[in-house]
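Colleague: Given the coordinates of chain U, assemble chains H and A onto it according to the supplied hints.
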Amino acid sequence: MAHSTDLDIVNVTKRFGAHAAVDDVSFSVAPGEFFSILGPSGCGKTTLMRMIAGFEHPTSGDIRIRGKSMIGVPANKRPVNMVFQSLALFPMMSVGENVAYGLTCRGVSRAEAEERAHRMLERVGLKGFGERRVTALSGGQRQRVAIARCLVLEPTLVLLDEPLGALDLKLREHMKIELKQLQGTFNTTFVYITHDQSEALVMSDRIAVMNQGKFEQVGSPRELYHNPATPFVASFVGETNRWQGEAASASNGAISVRLPSGAVVQGQGRAGQGALAFVRPEAVALAQDSGALGNLPNRFEGRVSAVLFDGAASSLLIDTVGFEQPVRAVLPQVGPLAGIEVGAPVHVGWTADAMKVFAA
Amino acid sequence: MTMRPAQRLALFLLLAPAILWLGLLIVLPHVEILILSFSERVAPRVYAFGVGNYLEFFTEPLYWRTFARTAFMSILVTALTLVLAFPIALYIARVAQGRLKAMLLLLCLLPFWVSELVRTLGWMMLLRETGVISYALRSVGLANQPVELLYNDGAVILGLVYGGLLFMIVPLANALESLEPAVVEAGYDLGGSRWTVLRRIVIPHAMPGIVAGCIIVFMLTVGNFATPVLLGGKNGLWFTEQIYAQFITRFNWPQGAAFGMLLLLLSSAIVWLGLRLTGQSLGTTLKQA
Amino acid sequence: MLTKRAGLKLATALAALMVVGSAEAAEKLRLLTWADYVPKDVMEQFTKETGIEVEVTLSNNEEMISKLRATQGAGFDLVQPSQDRIAGPQAEFGIYKPLDMSKIKSDQFIASMLEATKKNTTVDGKVYGVPHIWGTDGLIVNTKAAPKVADYNDLCDQALAGKTSFRSKRPALIAFAFANGMDPFASYGDAKAYTAMMEKVGAKLAECKKTVKFFWDGKDQLLNALRSGEVVAAMAWDTGGWKLNSENADIKFIAPKSGALGWVDTFAIPAKGRNDDAAYKWINFNMKPEIAAKVAATAGNFTASNGADKLMQGKLKDQFAESFPKAAIDNIKWYPAVPAGIEEIEGKILDRLKAGS
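Protein chains in written order, with the working numbering: chain U, 1 to 360; chain H, 1 to 289; chain A, 1 to 357.
Be careful, since some hints might not be right.
Unchecked claim - Straight-line Cα separation of at most 30 Å, DSBU-like style, residue types lysine-lysine; simulated pairs:
(1) K126(A) with K234(H)
(2) K234(H) with K252(A)
(3) K234(H) with K281(A)
(4) K144(A) with K234(H)
(5) K257(A) with K272(A)
Stated by the list, open to error - Restraint-style ranges between C-beta atoms, simulated for each label pair:
(6) G279(H) with A74(A): 32 to 38 Å
(7) A35(A) with A143(H): 33 to 39 Å
(8) R132(U) with L34(H): 43 to 49 Å
Treat the hints as calculated values from the structure; they're not laboratory data.
C-beta atoms are modelled at their ideal positions from N, C-alpha and C, and glycine is treated no differently.
Isolated chain U (complex conformation):
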């Protein structure tokens, strides 16, 4: 009987003394979904994951897997398997034994366990690695063993605890794609925790942003990026310009914010007395003369203070009149502004829609 959700977290709270590491969190994960929990270190995401795995027990609330409560079920009896941050491969066993371990624990015969481990290794691209010591594998191969070790058990849920953290950048980029593909091939539900917004954005179907024990927002990567529900989400997910000021006037969702310098910017959102305004760098339009930005409500003059070249992710910092901090914009790589240098005068502008305003 198929259940409509694989995982339900219902009002789960975990206290360590007076401190609530996880504070009344609820969410559901659908079958086959790649669900990420994104948050800074210490936000409670690891505690939450360890409660799902069964290594910690909630102070209150319920954890259900396919509708069945997991309260009181020990870790080794849950249909949940975990890929540890350190991978935690068994160094005393060969690659094949690592993968077959879980099967033999379930009472699968040795021969069958070996056979199934062998097939699983083939599926993750490690054919013929069964006899190797795990210490003789590269970082990416170890990663695949750790995942194969879980997937061979056909769990309802695979938990991944920042497994890419230890890899170098290039391999990490590669593994992001590989993980996503693996998840697609096996169609297993993944719950992935990370503090790296880029990992979460690239791989996830949905992301929960967690801060101080609570979920700030749950949504698709695009929703989070383009329509952050809170200032924390706006600043934590993706690069952004952030300014503080006072709400000057507001009507019908449109709002104008007066910066400390007296400059006024137009945006969308709601705020009380104090206001926080966010603009993504890619929403900032650049022009050599102000006429080109004529129809934008927010227009300012500035001078390039730094060129941060990083390929496709390159940006410019522009000292802008009226702003205490330089405005960040995407470095144009084609067109008339390509090759712009430090010190060059430039005009910046953005639409009111592009600027999200929140109460400070």
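Modeller: Same frame as chain U, but now just chains H and A:
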């Protein structure tokens, strides 16, 4: 690698004390004992070369039986020490933190601040017929007459296990400490029971420590003298007593020397066999110890 | 860091100290003996009279011989093995040097004892030992708890199971041989007959072992067990028995029916002794009746010094009289010299006794 003469001289000078120590205090006496063990008495003050002292060991059942008994009891003591030390080491390595950990290790070390003789005498005070335990048993009504707990194999084993415990706990705790907590958790997470995790993950990981501890405890036990003599009483004949008896009360040095060499060889053979059976190499074990 | 000059000064000072130190080091007598044979006041008086310092090392027969053998007779200037343990080891290892009887005041000794000891310690016509202290091996019995014990064999009485003790050493073999109608001393010269006899004694002891609580090793261990009542009858030295008798009148030293074993501890000079003069001085000093009486009192035994018995305290005399009626004195079996090779035969029997359980 090439060295300038001055460097080579410095290295030599640095190593000289160690080489002298090894040579004079360890190798030389053994060579002398070895030579002595091959001499046979023909007449007063006349000795000849021969293997008679070694033959005596194999032809006189008394001697090889004493050795077999000593070896068997030592293996038993080693096994008991391991079983007792494992949970303690596990607790020290994985559960105890900070000051508690230091205190527990200190507690294990404490008995070694007094000499082995004093420790053994302490056990005698506890176990003797008019001793503390016998008295306690009577006063709680578990016995209606004085109980003699001393002068039997049980007392010898008790004393030897007690003396070996520290030498088992330290290498074990060392080995267990290096086991990453996540690996144990992974063992449970993938469906392993406590027993499976212990058997397939914790014990294999601690194996070098187990082997190191077992070798140390076995060698200490097989070569022990005071504990079996004092606690064993009339039945506790240990092979070292045979050596002592040959040297001191029988004035038969060549025989004592042969027994000494045999003790060294046979106990080394047992250790070697143990290593082979557990599939460990001496190299990795020494690294752990 | 020391400067060169300061270092030199220091070295000179040290060297000077060493010279002074060695010059001032008193003449020394290194004595290897039994516990209680050197009372402190006797030692001090000797040093005062002669200027010779006495350095005492305590030991027993076997260890004395082993120590001397290890050094081929060096390390000590005077030793005190039992009279029966001189000739054999001397023939085997050559660890003693002959005594110059002209340097020993013979008239200070009980003449018969001196003659007997000289005879027993003579090798190749040379004398190696003179008597000092003598005593016996017999039975210490708690007469209230074990009233029936009168001979060595009674230690094997089932009624006393777990409450008796003896040493697993050669005196036990000799004692049980006599108790079972054999004469081991008569067979000393015949290795084959002696072996057969010892096999028999060994079998007897193996059976007796079931009633033995432990084979005692140290004197204090045995005396404590007798005091606490853990042991009620044991084969042991008379002196221990009398000591306990003074504490508890129920505990008595009994001369066994088959005869107490008489031993004599001697003075002998090691082959490589460095200070023979001091050794002779110590012997002559110790055999003076007033000194010998003091030593005997401390040791709780009797002395070979002629005339010392008149100076002894009354208590020990009374205890001796109670333990040794006239017939018992005549029945004391004095150890003859142990020929080389006897220890080998006995040793194996004793090893088996300890090994078999």
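Colleague: With reference to the structure, classify each hint as holding or not holding.
Modeller: Results of checking the hints against the structure:
{"no.": "1", "hint": "K126(A) with K234(H)", "in the structure": "violated, 41 Å"}
{"no.": "2", "hint": "K234(H) with K252(A)", "in the structure": "holds, 25 Å"}
{"no.": "3", "hint": "K234(H) with K281(A)", "in the structure": "violated, 43 Å"}
{"no.": "4", "hint": "K144(A) with K234(H)", "in the structure": "holds, 26 Å"}
{"no.": "5", "hint": "K257(A) with K272(A)", "in the structure": "violated, 43 Å"}
{"no.": "6", "hint": "G279(H) with A74(A): 32 to 38 Å", "in the structure": "violated, 52 Å"}
{"no.": "7", "hint": "A35(A) with A143(H): 33 to 39 Å", "in the structure": "holds, 37 Å"}
{"no.": "8", "hint": "R132(U) with L34(H): 43 to 49 Å", "in the structure": "holds, 47 Å"}
In this structure, the hints that do not hold are numbers 1, 3, 5, 6, in rising order.
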